[in-house]
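Please model the entire structure based on the sequences and the hints provided.
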Amino acid sequence: MKLLVDQNLPGRLVPALQEWFPGSLHVNEAGLGGARDIEVWNYALSGAFDIMSRDADMAMLAVRKVGDVCVVWVRLGNMPLRALLASIRDALEDVQRALHTRSLRVIEIRAPRA
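This note's numbering numbers the first residue of the sequence shown as 180 and each following residue consecutively.
Keep in mind that the hints are not guaranteed to be accurate.
Here are the in silico distance ranges between beta carbons for each label pair [claimed, not checked]: (1) GLY226 <-> ALA262: 28 to 34 Å; (2) ALA209 <-> ALA262: 21 to 27 Å; (3) GLY213 <-> THR280: 19 to 25 Å; (4) TRP199 <-> ARG254: 15 to 21 Å.
Rather than coming from a laboratory, the hints here were simulated on the basis of the structure. Yeah, the Cβ is synthetic: ideal placement off N, Cα and C, and Gly gets one too.
So, in structure tokens, the structure goes:
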């Protein structure tokens with residue numbers, strides 16, 4: 180399982196993600212900085228990536244498009260990198276399970292409810 184991290188998330192996230200998802204890339208590393216969602220989708224499809232994004236449109240592509248690409252939809256506001264990583268780490272087991280079993284096309288990471 181490897182992730183293609185969308186441009187709406189920081190590239191500095193990728194080194195930490197590599198520990199959990201070896202082979203992950205940021206779209207800028209793949210030459211896709213500024214690319215349209217469908218271009219990112221097609222790159223993920225051709226490279227056996229799943230996508231991590233804050234973009235609701237990317238989540239909608241996962242529902243509408245054919246192909247074995249899942250979207251990890253990060254539904255969190257702007258926050259420091261450390262807090263973002265902590266939220267991902269908190270959801271990690273569920274995300275990995277869903278990606279491994281392909282049980283969901285869209286896996287949401289949300290802030291805990293108060």
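To see whether the hints hold, each was checked on the structure:
1. GLY226 <-> ALA262: 28 to 34 Å: Check passed, 29 Å falls within 28 to 34 Å.
2. ALA209 <-> ALA262: 21 to 27 Å: holds (26 Å)
3. GLY213 <-> THR280: 19 to 25 Å: Given about 33 Å between the Cβ atoms, the range is violated.
4. TRP199 <-> ARG254: 15 to 21 Å: Holds: the Cβ-Cβ distance is about 19 Å, inside 15 to 21 Å.
Hint 3 from the list above is the single one not met by this structure.
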